[in-house]
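Enquirer: Okay, here's what each chain looks like letter by letter:
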Amino acid sequence: QKEVEQNSGPLSVPEGAIASLNCTYSDRGSQSFFWYRQYSGKSPELIMFIYSNGDKEDGRFTAQLNKASQYVSLLIRDSQPSDSATYLCAVKGERTGGFKTIFGAGTRLFVKA
Amino acid sequence: DGGITQSPKYLFRKEGQNVTLSCEQNLNHDAMYWYRQDPGQGLRLIYYSQIVNDFQKGDIAEGYSVSREKKESFPLTVTSAQKNPTAFYLCASSAGGFSEQYFGPGTRLTVT
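From first to last, the protein sequence lines stand for chains A and B. Per my numbering, the first sequence starts with residue 1, numbered consecutively. Per my numbering, the second sequence starts with residue 1, numbered consecutively.
The shape of chain A in the complex, shown without the other chains (with noise of 0.2 Å):
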């Protein structure tokens, strides 16, 4: 079992929907939760941290994290082209005491104009 899964995707969404992008961890003991944006060629940007059991919002985004079930989620309301991008889910967690962050492989989000 891989320490982060996601589905690679592609996820193809129309614009003006919202994209759900998920996320799941093994770690019990994982303490933050972090959603990356990464663009063909461009190195990851920071989109959204979560520390706590709920939602975030930010703007057009917000961040779900439920720790029982150990999953995490990302939306992204009013999808535009420009969301078009792949999303990284990482973590940190009390097993690398928190200094190494666990990176999923990513999900392929497409928006269609």
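FYI, nobody ran anything at the bench for these hints, they're computed from the structure. Beta carbons are placed, not taken as given, at the ideal position from N, Cα and C, and that holds for glycine. Do not take every clue at face value.
[Stated by the list, open to error] If you anchor each label on the Cβ, the simulated ranges turn out as follows:
1. E5/A / P105/B: 20 to 30 Å
2. D55/A / I51/B: 30 to 40 Å
3. R28/A / I51/B: 25 to 35 Å
4. R108/B / L46/A: 20 to 30 Å
5. G97/B / R28/A: 13 to 23 Å
6. A17/A / K14/B: 42 to 52 Å
7. P81/A / Q41/B: 18 to 28 Å
8. G97/B / S69/A: 22 to 32 Å
9. Q31/A / I51/B: 17 to 27 Å
10. E15/B / P14/A: 46 to 56 Å
Mind docking chain B on chain A? Use the hints.
Expert: Quick look at chain B alone, frame taken from chain A:
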């Protein structure tokens, strides 16, 4: 402007040569990291450093070396022992502990 800089953006080398990639940050972060990314693949951790003069091997350290003599700087040397060095190299930093990590723009290394 606070951030992480990597230079050069593109680097070309002949097989058998060592090459050093630069990474500098002015975020006052304690922890720094090097990752490698191959086309269509995820990030793989090469080395990380939690504090000056200390660093640990990541998942794919063979053929690479690092130093951390200053808090701001964490250069990566790709040695001739690295069998497949052509890749996109990413440097990152973090305040440490469970805090978020930020990436530099990356260096694309091509070895022929």
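Enquirer: Please go over all the hints and tell whether each is borne out by the structure.
Expert: Quick rundown of the hints versus the structure:
For the pair E5/A and P105/B, the supplied restraint of 20 to 30 Å holds, since their beta-carbon distance comes to about 28 Å. For the pair D55/A and I51/B, the beta carbons lie near 35 Å from each other, so the given range of 30 to 40 Å is met. A C-beta distance of roughly 28 Å is found between R28/A and I51/B, which places it inside the suggested range of 25 to 35 Å. One distance hint, 20 to 30 Å for the beta-carbon pair R108/B and L46/A, holds here, with the actual separation near 21 Å.
In this structure the hint that G97/B and R28/A lie 13 to 23 Å apart at CB holds, the actual value being about 18 Å. Between A17/A and K14/B the beta carbon distance is about 49 Å. The supplied range of 42 to 52 Å therefore holds. For P81/A and Q41/B, the Cβ-Cβ distance of about 25 Å falls inside the hinted range of 18 to 28 Å, so the restraint holds. Distance hint check: the CB atoms of G97/B and S69/A are about 25 Å apart, consistent with the given range 22 to 32 Å.
The beta-carbon spacing between Q31/A and I51/B, approximately 20 Å, falls within the hinted interval of 17 to 27 Å. One distance hint, 46 to 56 Å for the beta-carbon pair E15/B and P14/A, holds here, with the actual separation near 47 Å.
Checked against the numbered hints above, the structure violates none of them.
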